[in-house]
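Take the sequences, apply the hints, and build the full model.
Chain by chain, the residues:
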Amino acid sequence: MSDYILDMRNISKSFAGVRALKDVSFRCQPGRVYAVVGENGAGKSTLMKILAGAYRADAGEIFYKGQRRDNVSAGEVIDSGISIIYQELALVKQMSVAENIFLGREPRHAFGILNLQELYERSGALLKRLGIRLDLRLPVSELTIAQQQLVEIAKALSQNADLIVMDEPSAILAGSELDQLFEIISNLVSQGVTIIYISHRLEEVFRIADVVTVLKDGELVDTRPIDQLDRPTLVELMVGRPMEEIFPRTDHHQGDLVLVAENISTDTILDGVSLEVHAGEILGIAGMVGSGRTELARALFGADPLTGGSIKLVDKRSAKWKNPAQAIESGLVLVPEDRKSHGLFTDLTVRINVTITILSRLTRFGVVQRDEESEVVDEAKQRLSIVMASADQEAQYLSGGNQQKVVLAKWLETDPDVVILDEPTRGVDVGAKFEIYKLMRQLNDRGIAIVMISSELPEIIGMSDRILVMRDGKIAGEVPVEGAREADIIQLAILGQSEALPA
Amino acid sequence: MSVAKTVESSSIADSWRIRKLVVDYGVYMALALLLTAAAFLTPKLFQVDTIAIVMRQASQLGIVAIGQTMILLVAGLDLSVGGVIVMTSVAVAEVSNGRDEMVLPAILIALGLGVIVGLGNGILVTKRRVPPFVATLGMLVLVQGATQAYTRGVPGGFVPEMLGMVNQSWGFLSIPLVLWLGLNAAFIFILRRTAYGRKVYAVGSNIEAARLSGISVDAIRISVYIFGACFAVISGVVLTGYVGYVDRFIGTGLELDSIAAAVVGGTAFVGGRGGLLGTIAGVLIIQILSTMAVLMGLDVEVQFIIKGLVILGAVTLYSVARVES
Chain A
0 MSDYILDMRN
10 ISKSFAGVRA
20 LKDVSFRCQP
30 GRVYAVVGEN
40 GAGKSTLMKI
50 LAGAYRADAG
60 EIFYKGQRRD
70 NVSAGEVIDS
80 GISIIYQELA
90 LVKQMSVAEN
100 IFLGREPRHA
110 FGILNLQELY
120 ERSGALLKRL
130 GIRLDLRLPV
140 SELTIAQQQL
150 VEIAKALSQN
160 ADLIVMDEPS
170 AILAGSELDQ
180 LFEIISNLVS
190 QGVTIIYISH
200 RLEEVFRIAD
210 VVTVLKDGEL
220 VDTRPIDQLD
230 RPTLVELMVG
240 RPMEEIFPRT
250 DHHQGDLVLV
260 AENISTDTIL
270 DGVSLEVHAG
280 EILGIAGMVG
290 SGRTELARAL
300 FGADPLTGGS
310 IKLVDKRSAK
320 WKNPAQAIES
330 GLVLVPEDRK
340 SHGLFTDLTV
350 RINVTITILS
360 RLTRFGVVQR
370 DEESEVVDEA
380 KQRLSIVMAS
390 ADQEAQYLSG
400 GNQQKVVLAK
410 WLETDPDVVI
420 LDEPTRGVDV
430 GAKFEIYKLM
440 RQLNDRGIAI
450 VMISSELPEI
460 IGMSDRILVM
470 RDGKIAGEVP
480 VEGAREADII
490 QLAILGQSEA
500 LPA
Chain B
0 MSVAKTVESS
10 SIADSWRIRK
20 LVVDYGVYMA
30 LALLLTAAAF
40 LTPKLFQVDT
50 IAIVMRQASQ
60 LGIVAIGQTM
70 ILLVAGLDLS
80 VGGVIVMTSV
90 AVAEVSNGRD
100 EMVLPAILIA
110 LGLGVIVGLG
120 NGILVTKRRV
130 PPFVATLGML
140 VLVQGATQAY
150 TRGVPGGFVP
160 EMLGMVNQSW
170 GFLSIPLVLW
180 LGLNAAFIFI
190 LRRTAYGRKV
200 YAVGSNIEAA
210 RLSGISVDAI
220 RISVYIFGAC
230 FAVISGVVLT
240 GYVGYVDRFI
250 GTGLELDSIA
260 AAVVGGTAFV
270 GGRGGLLGTI
280 AGVLIIQILS
290 TMAVLMGLDV
300 EVQFIIKGLV
310 ILGAVTLYSV
320 ARVES
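For the record, the sequence lines run as chains A and B.
Quick note on numbering that gives the first Met the number 0: the first sequence kicks off at 0 and runs consecutively.
Quick note on numbering that gives the first Met the number 0: the second sequence kicks off at 0 and runs consecutively.
Source of the hints: derived by calculation from the structure; they are not laboratory data.
Careful: at least some of the hints might be erroneous.
[Said to hold, decoys possible] Residues from chain B that face chain A, not an exhaustive set, calculated with beta carbons under 8 Å:
#	residue
1	A194
2	Y195
3	Y200
4	A201
5	S204
6	G213
Here the structure is a predicted model, which is why all the values come from computation and not from measurement.
A virtual CB, placed ideally from N, CA and C, is assigned to each residue, including glycine.
As structure tokens, then:
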């Protein structure tokens with residue numbers, strides 16, 4: 000018996016004749032954290048779905064705990080001690096924490112009557128093992144997303160998992176939540192559990208992984224221990240492009256004042272926020288999830304009504320907007336945080352998605368002019384290098400990066416003066432990220448002002464011309480870009496003060 | 000890298016094309032199959048006068064189904080159409096009281112009432128956030144109640160003779176059929192090629208994205224409920240002319256049949272997907288099935304069972320074709 004708990008050898012998988020994985024080998028020793036990284040479409044999910052029993056490999060062998068196992072069902076995989084936590088959490092919101100942990104496997108008395116005492120005892124023990132405190136009787140709907148994820152982890156443990164796969168767990172977490180997750184991971188690892196961690200975020204990989212596997216276009220690029228890697232090398236392995244080029248720098252000319260918000264407050268959380276945005280600059284807004292960043296974006300765009308303060312565009316004194324339609328008219332756009340639920344029409348074609356904001360320009364007597372429309376779509380496709388089979392393809396069949404480009408294209412068509420980007424590169428692979436950054440710089444060059452909200456501090460520091468940090472619905476302070484450190488931003492975001500700027 | 004990427008994207012393209020084919024044209028394949036079966040089981044279906052009857056009935060259902068499809072496209076639902084049809088019948092008879100010259104004013108008044116009902120549905124659903132099922136069910140009861148109260152249970156007035164022209168046929172052509180096809184042509188164009196149509200799909204596909212894209216979401220949603228009620232009025236006029244007297248039970252069941260026709264035709268309950276081309280086929284399938292059942296001498300109960308099976312089968316097929324990814 001080898002000392003590897005999992006040994007996947009020479010796995011290949013094709014879909015309808017197209018290679019998704021080619022000769023990929025991947026193995027894990029117990030009690031370590033393995034990061035699997037790569038761009039979208041690199042084959043990470045396919046590899047994990049083969050492990051989960053959701054797909055069957057065309058070639059290759061899988062050994063788990065020394066035993067060869069091919070063609071097992073998803074249920075058998077779980078029974079054998081492998082748990083996969085997907086990004087879309089599989090919890091029943093109306094049921095309690097304890098009920099969710101043992102969903103479908105509840106401890107029972109005779110005749111199938113639930114043994115509630117044992118249910119609470121065992122789930123309590125699990126949470127204790129994880130070192131977290133949660134009310135077992137609280138419905139999951141009352142928990143934060145981060146807490147829900149912890150419930151998923153407890154559920155995995157309740158299935159006696161020896162190997163836990165986490166599919167981009169950090170995509171929905173930030174700050175202290177992430178710290179808690181990492182603490183739990185190291186806790187589990189010390190108990191001998193193996194973790195496979197799939198992520199786009201390199202900072203995390205360096206924080207927790209012992210071994211990193213890089214996939215690209217379905218092939219294994221390299222597997223290396225973390226101490227033999229640094230960030231630039233890892234990025235280069237993933238994209239085949241050196242790190243310095245990730246954040247394109249331009250000579251920054253701060254233009255005239257464009258937008259001024261004074262003391263704005265909303266029903267949501269905003270409490271007297273003031274800010275100024277200049278033409279051709281990127282104003283970065285950092286802060287923890289829940290600090291009011293998204294609410295600020297929505298308020299600026301007129302999506303949530305103001306309860307106090309004012310927002311105005313400097314050269315259009317009369318411009319007032321109370322809803323998104325008027326904001327667009329005035330020259331503002333918002334590219335929302337949650338692409339699938341707020342930005343994209345997934346069921347509709349790329350054509351309709353791109354032109355929905357400029358219908359009045361493309362219509363005569365309400366009738367859409369097909370030729371002009373096709374021109375607009377072709378031009379957007381060229382400009383943003385959107386990869387698609389046809390303009391009549393439904394947006395849902397595009398990759399995450401291309402979906403984000405479609406959303407961007409939709410907004411840029413309105414020829415805005417101010418673009419508000421809420422998490423512009425979330426769930427987007429490194430290659431597409433680079434293209435989005437380049438595009439942002441191009442917009443700056445055209446004099447467009449950008450307000451960028453982001454949880455990724457390297458992005459905030461790498462792209463912003465000025466950095467504001469939010470906390471509790473207020474601006475906690477400004478961090479000078481020159482020599483900005485992530486620690487400065489975090490300190491402001493958490494404590495509301497920094498050494499540099501005493502409160 | 001580029002080779003692998005292009006291959007991958009083309010295979011994705013193939014799979015969406017195939018699925019799109021099933022979702023878009025599957026209902027026409029089903030219709031062709033049904034007609035083939037009819038050729039063996041009920042050859043009488045293909046006689047000119049049978050076709051004329053099928054088409055006339057399909058038109059009555061089909062006109063309502065245009066509005067119902069539009070409402071489903073914005074993830075709504077309209078259960079009040081049956082009530083609107085009875086209301087139309089009563090209004091036309093009361094206002095005209097049999098006088099041909101009053102047909103047009105009577106229809107206009109009925110349309111006005113329809114607009115009020117549709118507006119009511121739309122406002123309840125958008126401004127008051129009542130779920131469409133509840134709002135339009137309530138509206139159905141309200142309209143039925145108001146109609147009953149107005150007539151005190153005994154409908155008065157007479158249907159003008161002029162409306163009887165809906166019963167004339169030229170071969171299998173008839174006024175209801177021409178009306179149905181014409182309205183379909185107009186609204187297929189509107190939904191596909193106008194800004195309004197795009198907005199209807201956008202609202203149904205993702206209401207929050209639509210709002211953030213600057214679309215007046217509530218106005219679009221209210222407008223489809225108004226269209227829905229107006230189509231019910233038009234169908235009500237046709238039905239009233241067809242029956243020739245005021246019937247309290249006229250149009251009963253059209254709300255559910257119109258939803259069924261749209262759903263069989265591929266319009267999704269969640270909104271944003273489907274369209275009128277599918278609904279036309281859905282209407283024809285439902286109508287031909289009923290006619291075949293009659294021609295074969297099947298009991299009414301058996302007809303319902305067949306209809307139910309067809310609806311369930313269609314919905315199952317669509318969800319399989321769509322979920323697969």
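Hint-by-hint comparison with the structure:
Satisfaction of the interface hint for B:A194 is found here, the shortest Cβ-Cβ separation to chain A being roughly 4 Å, below the 8 Å cut-off. With a cut of 8 Å, the hint placing B:Y195 at the interface with chain A holds, because the nearest CB-to-CB distance is about 6 Å. With its C-beta approaching chain A no nearer than about 6 Å, B:Y200 sits inside the 8 Å limit, and its interface hint holds. Checking B:A201 against chain A: minimum C-beta separation of about 5 Å stays under 8 Å; hint holds.
With its C-beta approaching chain A no nearer than about 4 Å, B:S204 sits inside the 8 Å limit, and its interface hint holds. At its closest, the beta carbon of B:G213 sits 4 Å from a beta carbon of chain A; the interface hint therefore holds under the 8 Å criterion.
In this structure, every one of the numbered hints holds.
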